[in-house]
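Asks: Below are the chains, spelled out letter by letter.
There are 6 protein chains.
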Amino acid sequence: MPKRVQVIGAHSADFVWRAGGAVAKAVALGGVAEVIALSYGERGESGELWKQEGQTLENVKRLRHAEASAAAGHLGASFRCLDFGDYPLQIDGERLLAIADVIREFAPDVLITHTSVDPFNPDHPVAFGAVDRARSLAAGAGVPSAFGTIKPPQLFLFEPHQPELCAFTPTVHVDITSVWDQKVAAMAEMQAQQYLQTYYAQRGEQRGNHARRASGRSEVRYGESFMRVLPQVVEEL
Amino acid sequence: MPKRVQVIGAHSADFVWRAGGAVAKAVALGGVAEVIALSYGERGESGELWKQEGQTLENVKRLRHAEASAAAGHLGASFRCLDFGDYPLQIDGERLLAIADVIREFAPDVLITHTSVDPFNPDHPVAFGAVDRARSLAAGAGVPSAFGTIKPPQLFLFEPHQPELCAFTPTVHVDITSVWDQKVAAMAEMQAQQYLQTYYAQRGEQRGNHARRASGRSEVRYGESFMRVLPQVVEEL
Amino acid sequence: MPKRVQVIGAHSADFVWRAGGAVAKAVALGGVAEVIALSYGERGESGELWKQEGQTLENVKRLRHAEASAAAGHLGASFRCLDFGDYPLQIDGERLLAIADVIREFAPDVLITHTSVDPFNPDHPVAFGAVDRARSLAAGAGVPSAFGTIKPPQLFLFEPHQPELCAFTPTVHVDITSVWDQKVAAMAEMQAQQYLQTYYAQRGEQRGNHARRASGRSEVRYGESFMRVLPQVVEEL
Amino acid sequence: MPKRVQVIGAHSADFVWRAGGAVAKAVALGGVAEVIALSYGERGESGELWKQEGQTLENVKRLRHAEASAAAGHLGASFRCLDFGDYPLQIDGERLLAIADVIREFAPDVLITHTSVDPFNPDHPVAFGAVDRARSLAAGAGVPSAFGTIKPPQLFLFEPHQPELCAFTPTVHVDITSVWDQKVAAMAEMQAQQYLQTYYAQRGEQRGNHARRASGRSEVRYGESFMRVLPQVVEEL
Amino acid sequence: MPKRVQVIGAHSADFVWRAGGAVAKAVALGGVAEVIALSYGERGESGELWKQEGQTLENVKRLRHAEASAAAGHLGASFRCLDFGDYPLQIDGERLLAIADVIREFAPDVLITHTSVDPFNPDHPVAFGAVDRARSLAAGAGVPSAFGTIKPPQLFLFEPHQPELCAFTPTVHVDITSVWDQKVAAMAEMQAQQYLQTYYAQRGEQRGNHARRASGRSEVRYGESFMRVLPQVVEEL
Amino acid sequence: MPKRVQVIGAHSADFVWRAGGAVAKAVALGGVAEVIALSYGERGESGELWKQEGQTLENVKRLRHAEASAAAGHLGASFRCLDFGDYPLQIDGERLLAIADVIREFAPDVLITHTSVDPFNPDHPVAFGAVDRARSLAAGAGVPSAFGTIKPPQLFLFEPHQPELCAFTPTVHVDITSVWDQKVAAMAEMQAQQYLQTYYAQRGEQRGNHARRASGRSEVRYGESFMRVLPQVVEEL
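Residue numbers (UniProt numbering), protein chains in the order written: chain A, 1 to 237; chain B, 1 to 237; chain C, 1 to 237; chain D, 1 to 237; chain E, 1 to 237; chain F, 1 to 237.
These are calculated hints, taken from the structure and not from any lab test. There's no promise every hint is true.
In this list, chains with the same sequence are indistinguishable; a pair is considered to hold if it fits within one copy or across any two.
[Said to hold, decoys possible] Only pairs whose alpha carbons sit at most 30 Å apart, straight line, appear in this in silico DSBU-like list of lysine-lysine: (1) Lys-61 with Lys-51; (2) Lys-51 with Lys-151; (3) Lys-61 with Lys-151.
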């Protein structure tokens, strides 16, 4: 049965590099996908754009919105930004509840966000903390409560830039061979971060190698790796 | 597609308490299951039997073989014992290769064994070390080699008696509701370890509770929990 | 010498399931026990109550207060709620100091609270963080200071619902056999969470089994397990 | 090439015990060192001073400022206090940005602060969290951004009072033999914390022993130990 | 009630530095203590002795036996060496059973040995592995068995030379103030390892400081620290 | 001052992919490098060769020797194989001492080997265990002993194929930009494992990216990553 997949990233481009394939695959299999950005990454992660003289925050946000929307389009997903600001991303009680509402509204089967540690990024761990807690608020305690609750989504962490330094252990490889072209197209939209396109194209190949090694399935060419946070419930091993 | 499931335990009764439900479920879904015991647990784990005067090792082994075969029968699995001796279980180079051969011959999709730590059992960690290494020998390096290799099986660790002291984190709950009666019948065969029957019946209920909580699927009544060692390769999250 | 035991939980019922036996035992041995709830768990953890039409927050809090007080009474402890609200529990600087004052006033020998991780509850880790920091503020740095300090209490974490997912390793089992009936009576007061009564009755038996196994003391029938956070100072091993 | 070393501690005396030698050594080798205190430790860590009748917060801060300045002087470093208050140290968004500015202004090669855990101090982990995040904000993402950035400093954690309880593993020992007298002189200024002078003199000897053992260099008499947080980039192993 | 304390070390002097106080304290409180050395440390740990020309293995062993016996005498314990050889210490099946027999014969309440990791010693982790497994064999599975079993001893790891590198976290501090002179006298017997006497005298003071800090008991002057491996069973927290 | 670098791998090709750049760099800086293989990887890791009909173990070993020697030549290192056999690699007491002798003879400043965990290779962890223990035997306890000892080498673990699954955290990146062509040439010799050439060329680029990010040094193009096992002793941070 088709899945509802929701990706919540700290900055508007995170979903492309780290979960673009999984999003496209879910949609290809009949699912629905929504991408939420907590900020545009306008101050800290818009590299090339800030080389242009006279650049402004509002213009960067506008360009980043266009890029992210186009990228999500290649993957078959919708895109929305909560525009909380970046570097630093700050989450107070009200924003926490807003994220919980976003999760409650979409009611995802699969929820994807950052790792809890990232020594090279000040906003990623903040995003993890907020999304993880908001998930718990949206799903409730498994009993009737004073607020609406949803079926508990499965939580996955997507691959950070330097996995070994971010407490990231891949526990699930998704075979994204059949949607690889879509991920490449989505990455190509991120003109402000061109240096990452080669990097994540290589990672796709390498994760494909790892997936072949773990499964013995030689037809896997490209993979994307995730870390499952909660136990999986299955019909058989 | 139906699975081939192989359980390798240190002693002849381990599979019943820890993986009986998963075995029965796999068979119920059309799979084939084989249980391998490295020893009968004849010296250290045959409690009630050693209360009988004049008891002998050979008689204990005979009785344990009968019990384990009957229990495996309730689950739809075959049973075989390598009879390496227990307390202590010792594995040398030759026995390591014998275990690799056993794995190679059955060519399991799913391989299940003990955790790597168990402060209350001297043989369980030894079994883990041997099975884990034998698995790696049987599957090879993913390239042609001087010996026959099989498709790499998925490795799972079953639940030890005191999980938190054994580095056991459940990452997969199997819904065993539909085969619960078979597990109860298999446990009832273990007359030498009666005190464990209540204990693992309660665990089945509790793991069912955990599975409901993680998935929101209220129809799960009984569960069995496992720890996946290697990454899973999937078509979608 | 009799101990002063203080339990600080996120919600008004937490102490019953997780530390009811240890509280009753301390009182039975001549000690004094106080239970502090940071909230009533009125929004997220009052299951059955929210099935009643026209239910209100105030009524839920009133009923939860009555239940918790009655349960504490069975155990010989007093009960007080700081009423900070739940789902989400939020702690600012003022509330942190209020918790430190509560600890300073009671001056516990033994302080008990939640684990630092709980993927199935958004409030438990918040409670841990606040109580742990408040403890450190109440005890000071072991030197004269600008504020009153108490002898450093021993800090214990009580058992969460799914221990392996909460970084909980039991390091102390308390033999609660002699006060088991009191714990059962206290649990029976929690009419809004009936499904937990069977669950924690089974845990009591299982922890008794673990305690027997670790100690060889066959007379232990029921146990409750805790994780000690700070080193213990003893006269001999 | 000479280094720029910046130490940021929660309280005004932390740098002396934990990094005094490394600071003096860097200066002796031609470097520049700056010590930043987030507070004076006026309420919680000024032991002897609070034994004096009629003592006031302002007087304690004045004395602590004098002590820390004198100690820094012995080491060849400057000293500055942000005076955020202690027990508890609280960091909001504005203070976080202030710390980032302090780092950005000094542009350190080497940045030194507390460990992320300290069960015997409520302010040290808060200081770590703030400094670590401020570092990441000051260095940016390695691309052009809306704010000024500096070359990423190397981050080190200095030795806490009880290392094994603070997740501290020494990964670097600095040979401070040639500046030992300066560290002793700096420690002697801390009249409010006399009991620590013997303690850290012994630690200096012991870390010297550990450094000899790790390196085989018998000329090391005194050492100071640190934990490196980020990978080191070198020309050869 | 008085305790039976058994220390099993890789080399004949290990017990003095690491558990001498705990041994003397147990004896002072009416207990009985036995020290077992797996080897004399004759090849690798007899420093000064090998500076003497014409030194032989047999002579080193004779001198080490005399030293260890004298040291044990100061503490009130007996001493015995299994003489398995050192650098490397090797344990086969027969030696494993011999250690299990040594434990079974003494039937300790408290069993003390090395940590599982020690990057500066090739024999300590081997000793841990053997003693831990032998303990499990001696205590059995808590049910009748083909061999004699004893009540499960409590297992403690004593402090290694460089604790943070050996996965050692102190969980128990023993107050050894009243037997400090005995430990000093025992250490003085170790003439072949004089450099360690100052080191462990300082550690005694420091662990006293840590014990005061954890307990608030100002009368503790000297401490010895241990890591408890198995859960403790108590009457109250 | 120039370094002596020794790499000890389980199979004859391991050094090329994982440490080829660090070896070439050390030699380029005036050092001396020796590569030791514990086996040829003849049975398990010689992929393409076993596709040839009539292939024999001896022929594979001969070809692997030629390849490894040629590769070492490109890097400026000598190559030697202990020929202990692979899949499984087995280490007994005699072989352990042989490895200690190899280390003692070369007296490396820098010693490099496998990680302690590798779920996709049965021989790598065995090699780690043997080399780590042999290192400790060769260096002794830092005091005179019955056998010759060397200055303790610094121990590094090289990058495994799937780092996150092998407990590998990069703590040192070596800038291998200036010797990149040599590493490429060495990799090209490994005709039996062609698929790895692309993989490790990409890794070289990615580790260069990581090194730039950690250091801010934009001139680093290619990197190789290692995990340091023992503390480093330095003149300044």
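Asks: It remains to establish, for every hint, whether it holds in the given structure.
Replies: Right, here's what the structure says about each hint:
1. Taking the shortest alpha-carbon separations for Lys-61 and Lys-51, only the intra-copy value of 15 Å comes in at or below 30 Å, while the best inter-copy value is 46 Å.
2. Proximity of Lys-51 to Lys-151 under the C-alpha cut-off of 30 Å is restricted to the inter-copy arrangement: shortest distance 18 Å between copies versus 46 Å within a copy.
3. Proximity of Lys-61 and Lys-151 under a CA criterion of 30 Å is satisfied inter-copy only: 26 Å between copies versus 34 Å inside one chain copy.
The structure fails none of the hints (numbered hints given earlier).
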